[in-house]
Every structure is written in structure tokens, then in C-alpha cells.
Amino acid sequence: MTEQTETASRTPLMILAWLWVGLPFAYGVYELLLKLSQLFSG
Amino acid sequence: MPEDGQKLISHTSGGFLSRSRTIAPPTWSRWLVPPAALSVHLSIGQAYSWSVFKPPLEKALDLSGTQSALPFQLGIVMLGLSAAFGGPLVERNGPRWAMFVSMVCFASGFLISALGVATSQYWLVVLGYGFVGGIGLGIGYISPVSTLMKWFPDRPGMATGIAIMGFGGGALIASPWSTQMLGSFGTGTGGIAETFLVHGLVYAVFMSLGVLLVRVPADGWLPKGFNPAKSAAKALVTTANVSARNAIRTPQFWFLWVVLCFNVTAGIGILEKAAPMIQDFFANTATPISVSAAAGFVALLSLANMTGRIVWSSTSDLIGRKNMYRVYLGVGAVLYLIISLWGDSHTVVFILCALGVLSFYGGGFATVPAYLKDLFGTFQVGAIHGRLLTAWSVAGVLGPLIVNAIADSQKAAGKTGPDLYTTSLYIMIGLLVIGFLSNEMIRPVKDKYHEPPLVTVDEPGTLATPQGGS
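Protein sequences appear in the order of chains A and B. If you count the first sequence from 1, position 41 lands on 41 in my numbering, and the numbers rise without skipping. If you count the second sequence from 1, position 402 lands on 402 in my numbering, and the numbers rise without skipping.
Pulled out of the complex, with its shape left as it was, chain A reads as follows (with noise of 0.2 Å):
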């Protein structure tokens, strides 16, 4: 196998790793942004 190949073998951990990580970290930026817009509305 190849350099190249190998690399882009990785991709789909790549992808899988930072879904892991991204999508609680957006679900809280969201819940953040929720109560940020009291501010605004208060």
C-alpha cells in the first residue's frame, strides 16, 4: 500500500473522531446560543 493510500485510509476515522467530539461540543455552543438570546429579548 501505498503512502497516499494509507492517508486516505484514515479518512473515515478522521471523520468519525471529530463527529465524537464536534457534535456534543455543537450541541452545547446551540444551548449556549438559546440562553445568549435572552440578552437580547430580556
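Calculated directly from the structure, the hints in this document are not laboratory data. Among the hints, erroneous ones may be present.
To be verified - Derived DSS-like pairs (lysine-lysine); straight-line CA-CA distance at most 27 Å:
1. B/K54 / A/K35
2. B/K273 / A/K35
3. B/K273 / B/K415
4. B/K273 / B/K59
5. B/K273 / B/K411
6. B/K230 / B/K446
7. B/K59 / A/K35
8. B/K230 / B/K322
9. B/K230 / B/K448
Bear in mind that the values here come from a model prediction, so they are computed numbers and not experimental data.
Got chain A; can you put chain B on it based on the hints?
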């Protein structure tokens, strides 16, 4: 045999958790390391949302506010102690071992707490979440630091900024999640115990990604196009290494300790009293701030704190660490001055200045590992970082103490509005100026503190490249 004066580092094979089993193959992508670090930091950052559990615990176990704060307080103390004293172990055993220990301690802390609540034995909650979980916080906090800087020698500020931003993000996730879970399971002893149990299990699974994914670069590995000689030509950046033991004997370590301590004290000063402060500032104006708007302001500060960690830390890779701290401390002092002089003139002035201060607070946390790497090298930077975090513990007491004590005494003296905070704001300005001067005192570390050149040995009698290592 190695030459005289060279230090021998043995890479013997070991179990799954050993450093030798985590050496990355040549095709490994360094962009897989930040998610590994984030899986740990996003989890342990939960500590800052402990307040969610306080009211239900007080009601279910008949506790006072002081008692219900004990698990968090012990947890933060243990964070400082385990980061300070566990650093050398983390350096010796590697990031996978450290992340595993962090995962076991942090998750076990919740499981022991679940047992404690279910059996109405509150001391088990203090022991579990505070003591056992607190060890997980400290070891987890420093676990990815030196690994990230070895993978990103060209952008160490950005790399550690990502991880330390994760610590800020942990509370953003845990706070609404824990609240929803308590809403589903109930706030009696059974419901709280179930909530703790689920937290322990979910965090164990979530953190296991870090344990499985983390890799250290092979000796001598460097990113494409990176020239260490060019990087070392920058002021204060060293290619030498200083041990944790020697680092604390240098004036640079203690100047940086003061810098971190006072930068954090100034940030916590606002963060601690953010909601009442903005309400008091505009209480006697035409635009008073409601309770819900104040809660929104606190959320905005959290966002600034988190964003500052990645943005300013990455900026430090471009302008240098010393210049970055000049901004945090110098501009921070000016922003505090504007708040104290004209903070009540308009909400926009107050909010923008507070945002700046909080972004510098987060940036100060995130940039310090890279500053340490510049001064002391990557050899034991995780352990040195652990010892520096004692400045955080001191600031955690100092900041709220100053602001609360002064606000209380001013209130007792019959003062209202911004007058409650004027003295504290001037004290914060003074602390930032001392921090600024302390930063100016930082010079390159003297050669006498440097370690002898590293020599790695894979098999007895075989010398390998001196790069990388540790």
C-alpha cells in the same frame, strides 16, 4: 554506550497503555490527535457545571449550600495537586496511560457518587466526585499537552488552544445535559443516583476515544515544511530542554506563575459576579438589566472565554508568546479602567470591555503551555504545566475573594451601583500591571538548567536520533 553527558532514554516495549505502544506509524495524521485530546477535555470540563447538582442534592440529602459545594471544591483542589505531582508520571508513562487513568478516575468518581446518593451516604459523593474524580481532572487536564506540542511544533499555541477550549466547552455540554437528565429521572435520591450512573458510563465511553486514538510521533518526526532552526530563531524559543525539577528553580517559571495567577484572578473577578455586576451597574439608569438578560450576559461571557482560548492562543503562534501576554495584561488593564470610569455610560461599553477581559482570561489559560514549551522545551512540559497550574488554584480563591469581600463591605457602607465594584476594579488593574511587569522580566532560561542532549535507545547498545524523545 552513549557519550558522556548524554542522557539515555529507553523505549522498552510494554502493555497497551505504554508509551512504546502509542508511537504513530509514518502515515498517521496529526489531525487525529486533537479529537483524542478533546474527548478528555470536553469530559472533564463537566466540573464547572457542578452547580446543576447542588439544589437537588441539598433537597434530597438535606445539605447546606456549603456542604453541597464540597465535592466541587475538593475536585478543584485535587485537580491542582494531581496536575502538580502527577506530571512526572504522565511524562514517563505517556498520554495513553494518562488518559486511561483520567477516564477511570473521572468515571469512577460518578459511579461512587451514584452509590453515595442511592444509600444517602453523602461522604461517598465527596470522596467519589471530589477526591477520585478530581485526580481524573488533573491527570486528564495535562495528559495531551506535551503530545500535542510534539505533533504541532509549528503551531503549539493553536494545538493546546483546541484542547483547553474543550475544557471550557465541557461545561456548556454538561450543564443542559445534566439538567435534562435530572428532569427525566427526577431530583430525589433515586433520580440523582441514576443521573450520576449514566454520567459515569457515558463519560467512560466518550473518553475511551482519546485512550484508543492518541499517538505520539516517532522520534525525529517533523511536520512537512517545518524548520526547527527557523522557529528557534524567534526570541525566547529554545531547542534545549529543562526538566520539571529544574524548571521550578528558574525565575522564568515564577514570573510566569505570577502572570498566569494575576491574569486568571482578573478574569475570575468578573466571571464570578457577572450577573449581579451588570445589574448593579445599570440599576440606577434608564436601561436596567433584567435577570434573564443578565443570564444571557453570563452566556456571552462563556462564549468569549471559550473563543479566546482558540483565537488568542493561535494568534500567539504568529506574534509570539510574550507579545500575546502583553496584550492580555496591558489591554486587559485598559479595559478594566474603561469599565471603572465609563462602564455605566452605556451597556455596549460595559459588555464589550467585559467580553475582552474574558477572552483574555481564556487566552491566558490556553497560551501558557506553548509559553512553557518556548522557555523549557518539550521534554517535561506537561509536568511543568501541571506545577504552574497551582497559580490557577490560588487565583480561584483570590479573584472571588477580592470581588465578593469588597462588594459586601461597600454594600454595608451604604453604597450602591457601580460603587460596589470600583475598588475591586482598581485592584484588578493593579494586579494586571504587576503581571505585565512580570511578563517583561521573562528572559531565555540559562544554559545551566538545560538537560544534556537526549539519546533514544530502542535496543540495548543501539543509539538513535536525538530528536523527539520523552
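Please name the hints from earlier in the document that this structure breaks, with their numbers sorted from lowest to highest. none
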